[in-house]
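Colleague: With the hints as your guide, set chain H onto chain W.
Chain residues, written in single-letter form:
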Amino acid sequence: MSVELINGIYIVAAILFIFGLKQMSSPATAVRGNLFSAVGMLLAIVVTLASREIIEYQWIAAAVVVGAIVGALAAQKVAMTSMPEMVALFNGSGGVASLFVGWAALYNSGNTTFTIVTILLSILIGGMTFSGSIIAWGKLSEVMTSRAIVFGAQRVVNALLLVALIYCGVMFAMDPVLDSPYFYAVIVLSLVFGVMAVIPIGGADMPVVISLLNSYSGLAACAAGFAIHNNILIVAGSLVGAAGIILTNIMCKAMNRSLANVLFSGFGAVKTATKVEGEVKPINTEDAYLILEAASSVTFVPGYGMAVAQAQHVVRELGELLEENGAEVTYAIHPVAGRMPGHMNVLLAEANVPYDQLVEMEDINPRIDNIDVAVVIGANDVVNPAAREDENSPIYGMPIINVDQARTVFVLKRSMASGFSGVDNPLFFGENTRMLFGDAKESISSVIGEFKG
Amino acid sequence: MEAVFLGFVLMLSIFLGFELISKVPATLHTPLMSGANAISGITLVGALTSAGAGLSEWATWLGALAVFFATINVVGGYMVTDRMLSMFKKKEGPAGDKS
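Line order of the protein sequences matches chains W and H. If you're matching positions, the first sequence starts at 1 in the numbering used here and goes up one per residue. If you're matching positions, the second sequence starts at 454 in the numbering used here and goes up one per residue.
To be clear, the hints were calculated from the coordinates, so they are not data collected in a lab. These figures come from a predicted structure and were not determined experimentally. A portion of the hints provided could be inaccurate.
Quick list of in silico lysine-lysine cross-link-like pairs, DSS-like style, CA-CA up to 25 Å [claimed, not checked]:
1. H:544 x H:476
2. W:22 x W:253
3. H:544 x W:22
4. W:441 x H:544
5. W:452 x H:544
With the rest of the complex left out, here is chain W (with noise of 0.2 Å):
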């Protein structure tokens, strides 16, 4: 197939991507979106595959079937509570496919200075992707500590990482050969640098770093299209950085904190918050069952303990039975609610709660007052009134659900240990606050069991 013929078939394949991002907008029509996307894919694929360029096929093909079965394996297996885990991973392997991919692209003859400064580029944001990936999938799998790591000279040690980064890959831009020691330096330095960036993060701001491997595994892709000149891997590469890009910038604002803070201060390592006292009210699931039945709106907070609990499913239950019971049911999901962007909102999707349901923060705090009882299941700094009210948290600043304004609260907790960041929440001593003790999943199971009873 001639060239041009090919990159005509790139610019159909750039369509369907821009063509499927664009019905993203929608929950109606994402399953289509995703789907043209997926036929630019292998528009792509299939015709690259057909350039004369490629004169092998035995390597191509088993690469290919293996890391199909990996692939649909892991997507058919994955637990809904384990996508930030999964998408941690698949961000890894593209910044490792695009770390070869340059590296690859150095073995092509007549390299001008440029295109060694992208291979370098494509194996920097590569190499790190794929380490920092790897870290973070470490941190949300809780292989090791989800604590943010930081010591003394972390700032001088990430300074002088960066500082060997430059010049080795000077030293090589400047001397292009094949098996220069720079170049390898170069590789592993990236590595490095993907596990410095990442391990200072503690586990609350892991949105923000999933967002932003994600950002980084486009612009790796982006760069090693520079690599190889591929106008195609370019498109798409930095379609998928700017959506990351987004994401992380929606996640920051979403904590009140700038992109710089998240990265070098581990949060949490700051305790300053004026520490509140009062005395909590218990309730148990009867006169739970006797408010709620009572009730005319209902919303539920969720967070990323109503994951652990697995309480999505009686959760979506309870909300049924509310319904007919004639309330008005809704669930408020906050931004940062969970580990990555949107994951309480796939976990309701599971248990079959429709999206029509699922209302923003934005939508909900201004009539948030007119709700008779607000349920918060596993959620704590996403509703913590000190939040808005005392200026000594280390969570000051950061929009909240204002559950403590509805009418009623109810606060399903296991005990009265502090959430995530350590942060005290005078939530649970509000003066309309019952705090629920015990697992949320049998709580809410136990309250199920009022109504049908």
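Modeller: Okay, now just chain H, sitting in the frame of chain W:
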């Protein structure tokens, strides 16, 4: 000159990306991310060229490894996105729909 041309493509795609993605509702951010992730598997196209061009034995190996990882990205990414998106349903049944 080619660098400039590729730079143009880069600039326009980034702006287009910003426009498109900012319209995606928060509800779909997880599938958006895995879908975008699948698109970043486009590096597979580059990997295929490296693996099949017969440049040198080592380059072929690198290319084949890249093909392997990028295929995981593409196949896994699209499938898991589809799995997630098919779970998002509107309220069913016109009867009993009071709200």
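Colleague: Confirm or reject each hint.
Modeller: Hints versus structure:
1. With a C-alpha separation of about 23 Å, the suggested pair residue 544 of chain H and residue 476 of chain H falls inside the 25 Å cut-off, and the hint holds.
2. About 23 Å separates the Cα atoms of residue 22 of chain W and residue 253 of chain W, which keeps this hinted pair within 25 Å; it holds.
3. Between residue 544 of chain H and residue 22 of chain W, the direct Cα distance comes to roughly 23 Å. Compliance with the 25 Å bound is thereby established for this hinted pair.
4. Between residue 441 of chain W and residue 544 of chain H the CA atoms are separated by roughly 24 Å; this keeps the pair inside 25 Å, and the hint holds.
5. Taking the CA atoms of residue 452 of chain W and residue 544 of chain H, the gap is about 23 Å. The hint holds against a cut of 25 Å.
Of the numbered hints stated above, none is contradicted by the structure.
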